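Chains P and C are the protein sequences, given in the same order.
For the first sequence, position 251 (counting from the first letter as 1) is numbered 250 according to numbering that gives the first Met the number 0, and the numbering increases by one without interruption.
For the second sequence, position 289 (counting from the first letter as 1) is numbered 288 according to numbering that gives the first Met the number 0, and the numbering increases by one without interruption.
These are computed hints drawn from the structure, not numbers from a lab.
All values reported here derive from a predicted model rather than from experimental measurement.
All C-beta atoms, glycine included, are put in the ideal place defined by N, C-alpha and C.
Be careful, since some hints might not be right.
[Stated by the list, open to error] Below, computed lysine-lysine pairings styled on PhoX-like, alpha-carbon distance capped at 25 Å:
id, chain 1, residue 1, chain 2, residue 2
1, C, Lys425, P, Lys332
2, P, Lys332, C, Lys410
3, C, Lys423, C, Lys410
4, P, Lys265, P, Lys332
5, P, Lys21, P, Lys46
6, P, Lys210, P, Lys265
7, P, Lys332, C, Lys423
[Unchecked claim] If we take Cβ atoms under 7 Å as the criterion, some of the chain P residues that face chain C in the derived model are:
id, residue
8, Thr1
9, Tyr32
10, Phe33
11, Gly125
12, Asp185
13, Gly218
14, Asp219
15, Ser286
16, Ser314
17, Ala318
18, Val324
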Amino acid sequence: MTVMNMIQALNSAHDVMMERDKRVVALGEDVGYFGGVFRVTEGLQRKYGASRAFDTPISENGIVAAAIGMAAYGLRPVAEIQFADYIYPAFDQLVSEAARVRYRTASEWSLPLTIRSPYGGGIFGGQTHSQSPEALFAHVAGLKTVIPSNPYDAKGLLIAAIEDDDPVLFFEPKRIYNGPFDGFFDRPVTPWAKHPQAEVPDGHYTVPIGKAAVVREGGDLTILAYGTMVHVVLATVAAEGVDAEVIDLRTILPVDIETIEASVRKTGRCVVVHEATRTGGFGAELSALVQERCFYHLEAPVQRATGFDTPYPHSLEWAYFPGPVRIGTAIRKALED
Amino acid sequence: MNDQPERPNRPALSLHVPEPEARPGDEADFSHLDIPPAGSVRRPDPHAPARETHDLVFTLVRVLDEEGKAVGPWDPKLDPETLRRILRDMMLVRVYDDRMYRAQRQGKTSFYMKSTGEEAVAVAATHALDRDDMTFPTYRQQGILIARDYPLVQMMCQVYSNRGDPIKGRQLPIMYASKDHGFFTISGNLATQYPQAVGWAMASAISGDSRIASAYIGDGSTAEGDFHAACTFAAVYRAPVILNIVNNQWAISSFSGIAGAELTTFAARAVGYGIAGLRVDGNDALAVYAATRWAADRTRANLGPTLIELFTYRVEGHSTSDDPSVYRPQDAASKWPLGDPIRRLKQHLLALGEWDEERQAALETELGETVRAAQKQAEKQGTLVTSTIDFPQDVRTMFEDVFAEMPWHLKEQQAQMVAELAAKRK
Ligand SMILES: Cc1ncc(C[n+]2csc(CCOP(=O)(O)OP(=O)(O)O)c2C)c(N)n1
Ligand SMILES: [Mg+2]
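Chain P extracted, bound-state conformation (with noise of 0.2 Å):
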């Protein structure tokens, strides 16, 4: 066990499978000599060599379709998108592509590939280095969506999308990298040393993808959500002094339905949280199915507290950002109505 804050543990889990497993190349933008921006790959091109951990051409489309080429081949890729705000020149590679393959084969072939992308804002980026664009990649049938939010789920997380057949996508949320996050902009961050999570091992284990975490059990309600906002709720929680469940997501898709419903069969109300915009966002959909699934049980409507559906702003970016107002009046008028 070692304490890791996120970028230690996603390195790691580079580590051990390019330690394991011949076939997994780490490929990206920045990736090879100096490490990639946010140091995630940092040591993996001196300890594997060159054609095993590179820079690529700044080409996100060229990075994907590469990638499904040497999936294709039966390498395990693990392709880095700098920031998720810049995945979209590699829209049709993923969407009708790598989510696309193994269907139209018959499962003669399977693509074997991950895609990193950091994510999320609360970092002063601007429109282009704060986007949350994971539903767009859930709508896509074929693509599986993966979203840490501690440290010892992201090593473990990335090493089962690494041993995954299929591609997956996995969100990196960017703000709580070096630290947990929890909304409160004005207090200080408290390091992942202090966090239960940031026990890492340091060899192979993985967290299952599609299985969700109950990070706080609780009667009042419960409240769906993943990356950075699992930190936010969990303050606001405390803060607003409700019993809450509050559900880590974890997988996007495919999601963890079992976990959900039978939170919500016990609370009987819930709340959706994410930072990505709120029309046709991911908590639409969690949305519809608890309302599916759980209606009976249900005794107020499912609320949501998203990112507002503006480009992200730079200046003001604290009036947007779902912190612990937002997600505090929805959780009062889950437990009002």
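Given the structure of chain P, go ahead and fit chain C with the ligands onto it with the hints provided.
Showing chain C with the ligands alone in chain P's frame:
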């Protein structure tokens, strides 16, 4: 891995991954560069067929020699007034960059990007265009705005995302936009502006206009598909556009070899598209001016686009978030053989007898004061606020400009946000 069949008679393949000549700890080495003497490169007629430029994509158009004399057929023969203006603008860009960089370090804003060493590619090129020609820049051509007299205070207000910011704090610092100055809104997403410039130019042609467009892209960003869309559209429709590639040899930590520069030049891309191409010393303001004017004359005559590689060097880090000492030799910038664009133009003016050290010193003082005064003005309108909700803008503006008319859901969200802030203030 697929089970590899036995292939006893075939050699094992291996992957080539480009590496720069030198890394930290090594001495910077530019000896591999083939730099022709100033004045040695042929200047075709701007109306010549594109293929007559295709040997020029492998050389370097240079005008200023080691002594600061303007030599050869590309000398634009500018009057001293224009030369002094270009010098002044380049110096102003540098002072401005230093000042804003420092402001970021002082916590007054989130981010900054300098263009140190690359001032000529924006400033000299802009002076070679007409004032109403349109530009589609990257984040490193603040020199265009300065050359077009955009108010410094307003530039700073954008960097500070404050009350005076014309784009209401919506974008990261340096992502300016100004229709009046023919400066298209900067996108954080690389390369997108390149084919947009071609579209603007096509529109000018469709409309029987006489204005042309000038687009910029970095060496690294030429790898994006948008670069190739731009070149194809520009070639097919012979769009009135100048396609500039600023080859400053680095893309954050990746050297230009990762963008394909090991095997050929960026200018050579022109050959494949059948369009005119030039490769230019980007630290030679006169060469930049002359090449831009050549391409502008050509395209105004409906003869289509020119791809211009401006060969320069990114002297500083990529941005305030970058530390280049971990991926390239520390002495690289000082060893760069094409020198500094400001120093070279100053030397030229001195050689002409149109400038002297006193005027240089006076100009430096004046620009320093101008920038300091502008900064004071700008800061009166606030700096970026990151740890309070005392926002410089009226928060309601967040929901404006998403659409021309605000739909119901945005009105609701706007009201929700106002209520939230009231709750936070309590
Ligand atoms: C589509 C996209 N991918 C990646 C990035 C991240 N990024 C920002 S600048 C940059 C390097 C660009 O290098 P270059 O084109 O050479 O321009 P320079 O910074 O040298 O002026 C990268 C990779 C981005 N902004 N947009
Ligand atoms: Mg560059």
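Hints violated by the structure (listed by number, smallest first) = Failing hints, ascending: 8, 13, 14, 15.
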